[in-house]
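Participant: If you want the building blocks of each chain, they are given just below.
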Amino acid sequence: MVDADGSFNLSKTAVFRVTDAASFLWEHMDDAHIIYDQRSGHSQALNDFAREIFDIIEDKPSSLQDILAVLELILERTIGDDLLEQIQQTLEMFDKMGLIEPIAPCHEISQ
Amino acid sequence: MTTPVQTKDSLDQKQNLLLQILKTPPLMTALDIKGWNQVLFEAHMLKLRARLVYDAEVNGLWSALPDKVQQILTNAKIETAARQRKIMWEMNRVSRALNDFKDKVILVKGAAYLTRNLKCAGGRDSVDLDILVSRKNLDIVENHLLLAGYVSQVLDDYDQQYYREWAHELPPLVHPSRLVEVDVHHTILQVTNRLSPDIDLMINASQPLEGHFHTLCDEDMLLHSIVHQFVDGTLKSSLRNLLEQHDMMMEFGVKPEFWTKFMDRAEALRLGRPVFYSLRYCAHFLDTPIPDAVMVRAKKNAPGRAVQKLMDLLIFRTMVPFGAANGRRRSKLTDFLSTNGLYIRSHWLRMPPMMLIAHLSRKFYRRFMARQI
Amino acid sequence: MTMDIFKAEHHLAGPGLLMGVGPIMTRIAIKFPSIRDDFLHMYQGYPFFEGPEITDYHLTIFAKNLYRRYLRPQVAINTLMNDDFVPLPESMGLLSVEMGMNWQVAFGCKTHILFHAGVVEKNGVGVIIPAISGSGKSTLSAGLSYDGWRFFSDEFGMLKAETGELYPYPRPVSLKNESIPVMKEWVGSDAPFSREYEGTPKGTICYLRPPIACLEEMHKPVRPRAVIHPVYNPNAKSDIKPLTETMAFFRLVRSSANYGDIGAPAFRALAKIAKECVSCEITYSSLEEGIRLVNKFIDENVA
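Protein chains in written order, with the numbering used here: chain B, 1 to 111; chain U, 1001 to 1373; chain P, 2001 to 2303.
Everything labelled a hint here was simulated from the structure, so no lab data went into it.
Backbone N, C-alpha and C fix where the C-beta goes; we use that ideal spot for every residue, glycine too.
Fair warning: there could be bad hints in the mix.
[To be verified] To spell it out: a stretch of chain U is covered by chain P in this simulated footprint if at least three of its residues, at any positions, have a beta carbon under 8 angstroms from a beta carbon of chain P; those stretches are:
(1) 1060 to 1071
(2) 1081 to 1091
[Stated by the list, open to error] Each computed PhoX-like pair below joins lysine-lysine, with the alpha-carbon atoms no more than 20 angstroms apart:
(3) K1299(U) - K1261(U)
(4) K1047(U) - K1068(U)
(5) K2296(P) - K2122(P)
(6) K2160(P) - K1068(U)
(7) K1068(U) - K2296(P)
(8) K2160(P) - K2220(P)
So that you can see chain B by itself, here it is in the shape it has in the complex (with noise of 0.2 angstroms):
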């Protein structure tokens, strides 16, 4: 489903893998992690959060369901809406700059 102002507007079962790592370059920087994406040319600070949740699709195809229940190990508390709303902005913004992609229910996760 895509909305009105042309963004993505991703079910929340919707399965999200990480594109291409192989072209990703990683900066450490004192307050955040800097990923530069070869293809495009665009560089994004993430802050830890956000670069935990991109590490969790890069180990496996996840969808938004699975992301939270590894978020929640590892935080070791339930994460509410508030923080769930941000979870699903970092998705969009990483689908935005073609850093993940759905994997559209009728393809088969090529290698």
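Since chain B is already given, all that's left is putting chains U and P on it; use the hints.
Facilitator: Relative to the frame of chain B, chains U and P by itself:
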């Protein structure tokens, strides 16, 4: 700086240096400073500097080039690589936008050459992303792209109508955050043109790539390049385009059956005339090794002698002015040449002489051209 | 490498004069005698070459026709690089040359990462001073260069990604409006200045030749050790604000026009600067104060 090579394969100072270098890259090592300045200047105006880098690297000549030449050519190498990355990324974004679109989306021109890793992609300056879809899918594809944030560059209703009915593409689409032009075609010639080929044949023969896209088959890819240059009533002639065709002929020509399939296709789509021109000029300017049987077959579609000689003359003139007739660029060059006392008439680049018309009055020439174009 | 001025004039008026500044070799042809005079005065001491030299750029300053040459003198600029210049009146002289050369470097140079920044050096310490036009970076760079610092550039900082070193490109400094009398007072002499060009789109412009010593060392690079973002505000209290590595990184990216074209090597090079150099933003209300803050920041933060 190396001394000029004294073999039979040395530079002919009476002929165009750049052309010689393109045909025989190892001759680069024979260039002196003046020669390099000349070659770099022409290559800049003809957008062939990155091609020189590619040729030098492929032939193991790069480290033998003077430092300054490496510096200048590196600028072109980086700039062209950046453009290629932009096209590839735009493809990525288009693919994302067409995530759930199932029909064929065919890459054409630069993007196709890049993804297929063809020789003609080497050092090629591609700026726009061109894709081809069936006419019936035009609206769906456009909707997907608009939903993904692309904006049509033509907003006037009349112009939109023109594009859809008479041109062979949608008005260009651009995503504001990337500013790369995406051209969605549904055929490769203007619909009104009497030589309009049957595009479905080409779409059906297209080859799949990994991921979302297809490319045209070899024969159609070469035909597409030729059609762009030699038809449409105008001559969008440039050394770059000819080189592209030459590269494809060299690369595809070694595959069995290619020439037969190519000529069959050309004739089936009634494109024999432009193919004749392409073969003729590739052979003449770039020494492309075209099998005799193919030239004989192609000549069957040659024009009458008068037209042929006029085309020769036109090619001769338009091959020089550095790309498609672009008034602004040409006058910048003319300005430069005339203010630096270098103005010579169109033959100044000393292209290999073609058989020119012995005598042709200017009036006849102008009248004839008015009819052609 | 000095060339007899008559010979230089002759080349400039004819097929073009070869001039090398930093890594760039340009052939310049100027068809207006008054502009040739301005040029030769400003570029006194710069390396001119007899040739032949392999040339990066060709710049032609000319009149399109006799009318434009003699009756309504109007200067056309040809960079051979898709430029788009509006013709200037002959009275604006040197502007056409400077604008033309800037265009060529800005669009043509990819071998070095370009920063819209001043760069100076002292005791092996390279300082990058990035800022948008009109922020005072040109004045600050010029002021520093007439206060013991070696001048690399006021407009085009050049960094080689492979070595991480800054390279000089010491073209004349372009000063505007109020900064002109300030700099004339600071330098203490009119000699290295061009005449003042009034009525330009940006007001009055005047060019300042950098000290001769820095021209002589125009091929000597330096490692960057500090990045200082200047904010000139005549009403503000002086301030030095340190930047985090992340802020420093993104500010550098923003100030580089060819970062995107160069790609991954530029990313690594800028990240390295962000992590290994000290970065700050200084707010200052006068040239003297700005120079004082720069010296203070360097003394306190760079070993």
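Participant: State for each hint whether it applies.
Facilitator: Hint check:
1. 1060 to 1071: Check passed, 4 qualifying residues.
2. 1081 to 1091: That given contact holds, which follows from 3 residues of the stretch 1081 to 1091 of chain U lying within Cβ reach (below 8 angstroms) of chain P.
3. K1299(U) - K1261(U): holds (17 angstroms)
4. K1047(U) - K1068(U): Roughly 19 angstroms between the alpha carbons, so the hint for K1047(U) and K1068(U) holds.
5. K2296(P) - K2122(P): Distance of about 13 angstroms is within 20 angstroms: holds.
6. K2160(P) - K1068(U): Answer holds: K2160(P) to K1068(U) is near 15 angstroms, not above 20 angstroms.
7. K1068(U) - K2296(P): violated (40 angstroms)
8. K2160(P) - K2220(P): Holds, at about 13 angstroms.
Hint violations for this structure: number 7 only, all remaining hints satisfied.
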